[in-house]
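First to last, the sequence lines map onto chains A and B. Note that our numbering gives residue 107 to position 107 of the first sequence, counting from 1, and the numbers run on in steps of one. Note that our numbering gives residue 403 to position 67 of the second sequence, counting from 1, and the numbers run on in steps of one.
Possibly wrong hints are sitting among the right ones.
Claimed, not checked - Pair ranges (Cβ atoms, derived):
{"hint": "1", "chain 1": "B", "residue 1": "T509", "chain 2": "A", "residue 2": "T276", "range": "58 to 64 Å"}
{"hint": "2", "chain 1": "B", "residue 1": "E598", "chain 2": "A", "residue 2": "P136", "range": "50 to 56 Å"}
{"hint": "3", "chain 1": "B", "residue 1": "T382", "chain 2": "A", "residue 2": "Q172", "range": "22 to 28 Å"}
{"hint": "4", "chain 1": "A", "residue 1": "D178", "chain 2": "B", "residue 2": "K438", "range": "34 to 40 Å"}
{"hint": "5", "chain 1": "B", "residue 1": "R605", "chain 2": "A", "residue 2": "P136", "range": "31 to 37 Å"}
{"hint": "6", "chain 1": "B", "residue 1": "R345", "chain 2": "A", "residue 2": "D143", "range": "32 to 38 Å"}
{"hint": "7", "chain 1": "B", "residue 1": "P348", "chain 2": "A", "residue 2": "D30", "range": "41 to 47 Å"}
{"hint": "8", "chain 1": "A", "residue 1": "L317", "chain 2": "B", "residue 2": "K438", "range": "56 to 62 Å"}
{"hint": "9", "chain 1": "A", "residue 1": "I112", "chain 2": "B", "residue 2": "M624", "range": "23 to 29 Å"}
{"hint": "10", "chain 1": "A", "residue 1": "G204", "chain 2": "B", "residue 2": "P348", "range": "50 to 56 Å"}
{"hint": "11", "chain 1": "A", "residue 1": "T173", "chain 2": "B", "residue 2": "P542", "range": "58 to 64 Å"}
Stated by the list, open to error - Far from chain B, some chain A residues (derived; all Cβ distances over 10 Å):
{"hint": "12", "residue": "S32"}
{"hint": "13", "residue": "D75"}
{"hint": "14", "residue": "K102"}
{"hint": "15", "residue": "T177"}
{"hint": "16", "residue": "E262"}
{"hint": "17", "residue": "Q263"}
{"hint": "18", "residue": "A280"}
Everything labelled a hint here was simulated from the structure, so no lab data went into it. Quick reminder that beta carbons are idealized off the backbone N, C-alpha and C, glycines included.
There are 2 protein chains.
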Amino acid sequence: MGLPDFSQRFLPEIETQIIKVIESAKIDQDESLYQMLGYHLGWFGTGAGERAQGKRIRPLITLLVAETVGGDYQDALPAAAAVEILHNFSLIHDDIEDQSDKRRGRETLWKIHGIPIALNAGDAMFSLAFIAFNLPGNRHSSDINFQASSLLAATCLALTKGQHMDISFETQTKVSTDDYLAMIKGKTAALLAASMQLGALLGGAPIDTQQAFYQVGINIGLAFQVYDDIIGIWGDSDFTGKSAATDLITRKKTLPILYGLEQNGEFSRMWQSDITTKNAPLLAEQLMNEGALRYAKKIAGEYTSSARNQLAKLSPLNSAGEALAELISTLIQRDS
Amino acid sequence: MGLPDFSQRFLPEIETQIIKVIESAKIDQDESLYQMLGYHLGWFGTGAGERAQGKRIRPLITLLVAETVGGDYQDALPAAAAVEILHNFSLIHDDIEDQSDKRRGRETLWKIHGIPIALNAGDAMFSLAFIAFNLPGNRHSSDINFQASSLLAATCLALTKGQHMDISFETQTKVSTDDYLAMIKGKTAALLAASMQLGALLGGAPIDTQQAFYQVGINIGLAFQVYDDIIGIWGDSDFTGKSAATDLITRKKTLPILYGLEQNGEFSRMWQSDITTKNAPLLAEQLMNEGALRYAKKIAGEYTSSARNQLAKLSPLNSAGEALAELISTLIQRDS
């Protein structure tokens, strides 16, 4: 079985599990909160459907890891639902914090309903991530369930710390590349790492295997984000729909840009002035000339290698493990 | 030992426990997130001190219940911290949702720092409520800890459902008194009930005793809120600092007002026009004439009696139980 087979088998079960959890948001006859969460998850409303749902990469990873360590993916379904719900909680609040009007091509929740009730819907989503470990049919011991929900809590805290740093960077004049890497470790990598570790935990793996998967997730998360940063400046518009230089125009302090600022050269000087769609390509070129693309690719490559080496140590991989490696490659294939 | 003795003994330990949890919000050398949470909790910044901290009623209840059921209050400290932290998470987000500038006489977090980073600080506070069960020195089994954190998750969900209803009421033309009671059961009573049940759980009480305390908490929470609604219209400015008729001017749909609207009489007609500080006392008087005060007092009295009867069944009370009954009376004494 390859990745497409696993996806085809797992994705409907992931969706069913998420629905079961989100149904707890119904208030007697009143389904309005449930409908809001279901809209955000891509089930209801204008534009509902596969594209609106996103790729469900994190829960897929959780189930694949559970099978990779020799467990049964069904045992990992509570965690699969939990990580996807937690991810979506963070998206609802991020959209408010960033004042984003659109998410996956559709209007954001706060844009439709206003900040107060959308913020609260995000809080409900947050609560439901924990509720995921409390559904009837959960076959785990309290010991495992408590470990799982503790890991989830630690991940939430890491996410919020990362987000705190990210928002703080906007108004800070000096942000180092090290600060940035610490930020994305919390904001992006922690949840991917938890998605891996939870799969290993609920799949019955011992603690050292769990931690190895956690580290794989951290490295993949970091590599993924840095490649995303590269695309945000030098483009790959087929893949993400982002046009080149977007992050320059929005003045987002991503890794290549912070590297460029650290060089204190021509790019750093150009950054002080207004950046428009017109001069952005010039800045992107200057940034490349000052070595920022080479630097970012090197960093991302190192994280990628670390993740691949860590995963290789867990070999020989079964078919789920091979599919997991394939899924990971799709996340970080952009180093080619 | 009376309530003041218990308070004097417990309050410093509650504060120490909360600090231990909140310290997890430090990011290496960066204490800015920790400082934000500490400001909200009344420890740091302009106006810091006892008044800014609030009364810590919920954690006090948790510890008193633990002792009432014959347990050791120290075993309940993780839950005491959890309920107070969860309460404060909800305040941070409520202040954003209600656009409140002041909280306990001080500027609110979002007013000082802006919505994005304050919203995220609320999320960090939310995460920390769960972290409270994961500190070193926790002496409970995973079984107890998982039950406790599951109850906390269910409480979060109840809170967000209550808040969803409350915000929805603002734009709904027809809200019944039953809708309202369902709303405050989630928004106000659920956390008081959980504060009680968690004390019983960590104090070692069997499930039926835990559930009895949960019910006491629900009834006290409902009674407390309805008395608060009475004060919001007919005043008791010494107690809350609210001037009379506040809730009329802000058009808050509280129980007495919804009762008045259900009567479909003169008050209901007056409600359609503008309400100012000038005509508000007239509306308050009309509302009283239509029986709303009598109705609200009856409802609150019923919840109070239920709570007292349930508590009496758990007798003979030890000194902690007597202090708990005393604390409860201060919350609902306003029926005199």
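* Checked against the structure, which of the hints given earlier come out wrong? -> 1, 2, 5, 9, 10, 12
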